[in-house]
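> Spelled out, the chains give:
2 protein chains.
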Amino acid sequence: MTANVSPVRVAVAQFEPRVGVENLKANGLAVEERIRTAAEAGAGLIVLPELATTGYVFSSRDEAFAHAEAVPDGRSVESFARLAAEYDAYIVGCVVERDGTRLFDTAVLVGPDGYIGRYRKTHLWNTEKLWFTPGDEGFSVYDTRIGRIGLLVCWDIWFPETARIVSQLGADIICIPTGWVWTPPPLYDASGVCMPAYLTTTAAHVNNVFIATADRIGEERGVGFMGNSLIAGTNGWPIDRIAGPDEDTILYADVDLTAARTAPIWNQLNDLHRDRRTDLYDQMLGYGAAPLPR
Amino acid sequence: MTANVSPVRVAVAQFEPRVGVENLKANGLAVEERIRTAAEAGAGLIVLPELATTGYVFSSRDEAFAHAEAVPDGRSVESFARLAAEYDAYIVGCVVERDGTRLFDTAVLVGPDGYIGRYRKTHLWNTEKLWFTPGDEGFSVYDTRIGRIGLLVCWDIWFPETARIVSQLGADIICIPTGWVWTPPPLYDASGVCMPAYLTTTAAHVNNVFIATADRIGEERGVGFMGNSLIAGTNGWPIDRIAGPDEDTILYADVDLTAARTAPIWNQLNDLHRDRRTDLYDQMLGYGAAPLPR
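These protein sequence lines map, in sequence, to chains H and R. The first sequence begins at 1 in my numbering and counts up one residue at a time. The second sequence begins at 1001 in my numbering and counts up one residue at a time.
For reference, chain H alone in the conformation it holds in the complex:
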């Protein structure tokens, strides 16, 4: 089975992994099942939730280390690579990466020919700061047969800088393994959409880029997850729909990734990227600017 290059069918898998080393095997099987289902439905790019093969809410550094693996030479990447080759597809997963004495929350991209690259989450959420090291390799975009694929992880989307940088680096699509936890109320608006889903749609809109976000569901050690996985078009609006908060599902979208390289049809005078006032943005960096009153 050979996936199309353009349009490519993108899939985001939303389900409930379970933390605990005793669940590693079951998680691995659950992930494999979603990948097979999506690939057999024709998906050429499949995105998994954050830490889908391990679960998310660790209770200690020791436990986080017990769930860790090497990248690329660990069990998850090897499994993703085997499936990617079998289905001629691209897969974005996310694992607890061990590098010596350091752990990273790492998104990985594999393709039909094996491991392509990784992104170590740069903005850490809550207790992740207790076991993970903030990403030390910056932001990455990988050129593939189906297009240029950028990677972010979960809480990164709260920082508009991240999607901006990745799209400035040329991403056609940003793939975001995610474990959005319950935020302060209101969690959802009247449409059942949570704030981070809107962070995703607006980031796609202002950057003219596709974004495929796979979130998890369920509750783990008292931490609730929000679902709302989605694939946003370059105009920002969700393609098809936003997944419900508790749904075990896979969403699909057939997208022409070249749309991300074409300026949106606003008018003859505007282009979102060209119109940036980079001459004025040095104030964003927190240096060279007036002293901050905060």
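Hints listed in this document are in silico derivations from the structure and should not be mistaken for laboratory results. In this text, all values refer to a predicted model and were calculated from it rather than measured experimentally. Mixed in with the good hints, there may be bad ones.
[Stated by the list, open to error] Here chain R is said to cover these stretches of chain H; the calculated rule only asks that three of the stretch's residues, wherever they fall, bring their Cβ under 8 Å from a Cβ of chain R:
| # | stretch |
| --- | --- |
| 1 | 128-140 |
| 2 | 158-170 |
| 3 | 183-194 |
| 4 | 231-242 |
Just so you know, even glycine gets a beta-carbon here, dropped at the ideal spot from N, CA and C.
On the provided structure of chain H, position chain R as indicated by the hints.
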């Protein structure tokens, strides 16, 4: 009548100005009527739509010049200042500013003691580029008795850098005179909310800042406007509601501006501003980064 300092009642006025020098007087009266209504309802900070005293869709540079005035010594700022003194309120308006041979699309802030400051729109939309000069004074935040007030105009919100910079400069609330024109379909989602309203709510959320956006309505020389004025809380969600696309209305919100100086209650480890990875953001500026494939 003395407006409260905290909480302060914020008002955004949504209505339909009409372009054409023959309408300047009627626009001025329409603006004065909204300011009086809002101030008499207790508003201490009143935001008007973009170019509310002139209308928006000019057909030539000559016509734009005919609508222009000096800042601060022009008719609109003088009128705003007179009303601000009468009601002990702060007013954010937006005028065609003439400075020698240059025109700017300029937001102005006046208070009970007169003119405070201006912001010349830095990101110009469509035919604005044919008559206006891009703002040459960067971004501004003004310290007032009711709190720190930042200014942006309309299309600026498409650039996440703008709200980020203004909030980094310490704004408690960002006031945005706006004339959102119809964007490519879909214009609104199933809730009747347009994409730029979401750009506003998400900008408030990720920056932990209030945003008061006053949009206009109606159609001018074939250009349609989107309404959807709103006041977003620091959690991003609209306070009260989002105005309809055709409503002639004033929305109010009683806000405690100090909330913008207090980190949101996420957890004990995260703070949206502190957690920024400014060590990695130089890629946003378009220099110092890898060559861009775009």
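> Next step is simple, just say for each hint if it's right about the structure.
Hints, verified against the model:
1. Remark: the stretch 128-140 of chain H is confirmed as covered by chain R, as 5 of its residues place a Cβ nearer than 8 Å to a Cβ of that chain, reaching the required three.
2. Counting residues of the stretch 158-170 of chain H whose CB lies closer than 8 Å to any CB of chain R gives 9, which reaches the minimum of 3, so the coverage claim holds.
3. Counting residues of the stretch 183-194 of chain H whose CB falls under 8 Å from any CB of chain R gives 6; the rule of at least 3 is met.
4. Residues of the stretch 231-242 of chain H lying with their CB closer than 8 Å to a CB of chain R number 3, which satisfies the three-residue condition for coverage.
Every hint, counting from the list given before, is met by this structure.
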